[in-house]
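A.B. asks: First to last, the protein sequences are chains X and G.
In the numbering used here, each number is its position in the first sequence, counted from 1, plus 9.
In the numbering used here, each number is its position in the second sequence, counted from 1, plus 9.
Hint data in this document are derived by calculation from the structure and do not stem from the laboratory.
Mixed in with the good hints, there may be bad ones.
Since the list can't tell identical chains apart, any single copy or any two copies may satisfy a pair.
[Claimed, not checked] Think about it this way: if two alpha-carbon atoms lie no more than 30 angstroms apart in a straight line, the pair counts; the simulated BS3-like pairs of lysine-lysine are:
{"#": "1", "residue 1": "K66", "residue 2": "K153"}
{"#": "2", "residue 1": "K44", "residue 2": "K80"}
{"#": "3", "residue 1": "K68", "residue 2": "K131"}
{"#": "4", "residue 1": "K131", "residue 2": "K44"}
{"#": "5", "residue 1": "K153", "residue 2": "K44"}
{"#": "6", "residue 1": "K235", "residue 2": "K249"}
{"#": "7", "residue 1": "K66", "residue 2": "K385"}
{"#": "8", "residue 1": "K235", "residue 2": "K44"}
{"#": "9", "residue 1": "K68", "residue 2": "K153"}
{"#": "10", "residue 1": "K153", "residue 2": "K249"}
{"#": "11", "residue 1": "K68", "residue 2": "K385"}
{"#": "12", "residue 1": "K302", "residue 2": "K80"}
{"#": "13", "residue 1": "K131", "residue 2": "K299"}
{"#": "14", "residue 1": "K235", "residue 2": "K302"}
{"#": "15", "residue 1": "K299", "residue 2": "K235"}
Number of protein chains: 2
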Amino acid sequence: MAGYEGTIAALSTPEGIGGIAVVRVSGPDAMNIIKPCVSRIPPEPLRATFTSFIHPKDKHFIDDVVVTYFKSPRSYTGEDLVEISCHGGRIISGLILEVLYACGARPALPGEFSRRAFINGKMDLTQAEAVADMIHAETEKSLKAARVLLQGRLSQELEEIRHLLLDAASLLEIGLDFSDQDIETIEPEDIRDRVERGLIHINDLMTSYQTGRILHNGARIPIVGKPNAGKSSLLNAILKEERVITSDIPGTTRDYIEERINHSGYLLRLYDTAGLRDTRDFIELAGLEKTKKLMKDADLMLMITEFPDEVPYIAGFLETQEIPAIIVLNKIDRLPEEDIRRARSYTKTDLPVMAVSAQKDIHITALMDRILDLLKDHYILNTETVMISHLRHQNHLKVAQKALLSARHALDEGMSPEFVAMDIREAMSALDDITGKTTSPDVLNHIFNRFCIGK
Amino acid sequence: MAGYEGTIAALSTPEGIGGIAVVRVSGPDAMNIIKPCVSRIPPEPLRATFTSFIHPKDKHFIDDVVVTYFKSPRSYTGEDLVEISCHGGRIISGLILEVLYACGARPALPGEFSRRAFINGKMDLTQAEAVADMIHAETEKSLKAARVLLQGRLSQELEEIRHLLLDAASLLEIGLDFSDQDIETIEPEDIRDRVERGLIHINDLMTSYQTGRILHNGARIPIVGKPNAGKSSLLNAILKEERVITSDIPGTTRDYIEERINHSGYLLRLYDTAGLRDTRDFIELAGLEKTKKLMKDADLMLMITEFPDEVPYIAGFLETQEIPAIIVLNKIDRLPEEDIRRARSYTKTDLPVMAVSAQKDIHITALMDRILDLLKDHYILNTETVMISHLRHQNHLKVAQKALLSARHALDEGMSPEFVAMDIREAMSALDDITGKTTSPDVLNHIFNRFCIGK
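Only chain X is shown next, with the shape it has when bound in the complex:
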């Protein structure tokens, strides 16, 4: 792959002030580049070696470092790799990198270490994606979801489906090759069974995407209500009680406020739809473009009101929606006990009505627990099973599904085996795209560019 050869070097720890920093060098010349820069050469692989790092030309001392040599293939990249652990801070690692670049290494591109690990067969594409997911994980649960991926369990499952389909395609193709000879014909039922089982497998994985996405990207929870119902107060009350995640996502212009919290390890993304003005009722609210979009993409909705009499109307509206929701009756510190009881009794369905006071911080914890329970019930947020969490995976699965449906149709219609085989091969190719068995450089660029430099 042109442009990706050579020996690369980069800072692998975050930039900034810290006790230590680690610079990594990977490639065929890693050791040759390092040797003239250290006063003591690591005597053997995996031996942490105290040494001075010096400029090979003027012999100027740069830092006291610990150098460890990971010999190919026993390294992260699968290549010869050297780790230089130096003092932290802004300057030292920069000076070390300058020397390495002068000595023949080149700056690593984002994700290039992991890209090499992939190219050298140390991990497949889903595992490489899992590495990036783990590093960017904002909560314990999203970390766990990434870990399942890192362990290669999705790849195993895909391999099983692939095996099933390979057998089917082979059977068909043998039939084709020998069609003019007098050998036993293949049972169409056997092929059909394999295609059917492949479809079920793929469908299960596609269904898991919702769970995977929520664990990975967080559950989207808009707070919807009329002006002055207390949307912002509710959000603030929640933020006061929860572990808020300060995120690095560059500011985008939006008409709503998003806050990310870590609730029992789950990432929840709360949206205050503030800015909406003068709307007569909830159904109309939902007609507003921004809110409509937020509600459409929601994983759970919080519908907030201060008027007990509005509860039945909101409930009526929610019953037409498919998304789990909670009706939040706010400002209960100002409501008679009787009214609250009445509001609760309005909903005949199991739609929960939670009575809170955002201002007075009443029942906020109970509300949060209820949110999590609903999410868990509805989406089976199990981090131990294999699931899809990347849209890329989902898209490839869709292609595979479509091809298998077409294969099944061809079988049902008694079409020529070569058409069936082509469909099955197309499905297999889509699965291979997920693990990276066949993937174009463009796709690789897209995937590895979201990595940080140094990984």
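Following the hints, position chain G against chain X.
C.D. replies: Coordinates of chain G only, in the frame set by chain X:
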């Protein structure tokens, strides 16, 4: 030292998104704490060992890590120390630390690893300070100055002075002990000579403080001039051409703007005294409280004007100052050649007049080079020699100097040897304070608290 025992653990790399993170554990129980958390125990010290990090209770997998064991005393702290290199990001290192804390380690205080290195004699106090200086260095030159300190060269020099004084004190004290016996008396000239040499040494070090401070903290360069003379334009023109340092220093309320740049490895701190209003001339400007303070603390002054006829007045003012300065004649794109020549000829002294246009970016580079030349000439910015860069050192040296002056006075006045010996001992004790031979816990707290956690 109470409160500083036990086995400590902390993240030693900066927080944030990065390829890898390193967690350090140091103390007598480091290996005992690690053992149940890893699937493979490092077979020997210094051997980088691939292993899984697991929760010792529920055996849950946390991350694939590389563990290296540095056995006491061959470690940074001098204690048993284990480094755990894990995937980067916000969550993983936090989970690993949680496990370590649950297993008996406690969170390290800021600088506690270095504090232990100091306590265990791996480095003296000036070297520990150098570690923090290196990490916080903003330019190559400040790094170099810190490195001289790290190499222990200041400590060596102090040790020489100490030795000189110890001999003097011992001679005096022997004289005291045997004063009722009939042994040879000590030559007062010999004692006086040692005190004198100590004073010269100490004086040299104290003189180096200005150089050390500039290399370490940067040269302070206020830009002073009337409103509309182009102070802000000049600062902006400089920032466009130079490597600007974005600094983490929390915003303080100030009446001026400070910008830090890295010019050929030197840290320059430029101050725009903007905000000053309606002043008639430079002398009056200097009378303003804020500007006065900036000018008093300046290492070099930039006096800016757009009027050639003002040059002689500014020159006259500057001749009464002791600080190197440059007169900047701005807006030369609008001035006739003749006027510029005239302005240059006004100064009879070697006070430089630099003709520039901040707006049109004319001669800004030449101005910057001139600034650096002046600084180098005036402060001998040599990074290879031993110098003082900490106010703490300077203060202790002042105490030592005062004590030795008192000793010399006592000798000259023929006072009792015990007074002279007391003074010399006081000077020695002040020197010991610098290296940390004798230092109170309060001083240690003060020094190590400015370290980051994890170092």
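A.B. asks: Which numbered hints are broken by the structure, listed smallest first?
C.D. replies: Violated hints: 8, 12 and 13; rest satisfied.
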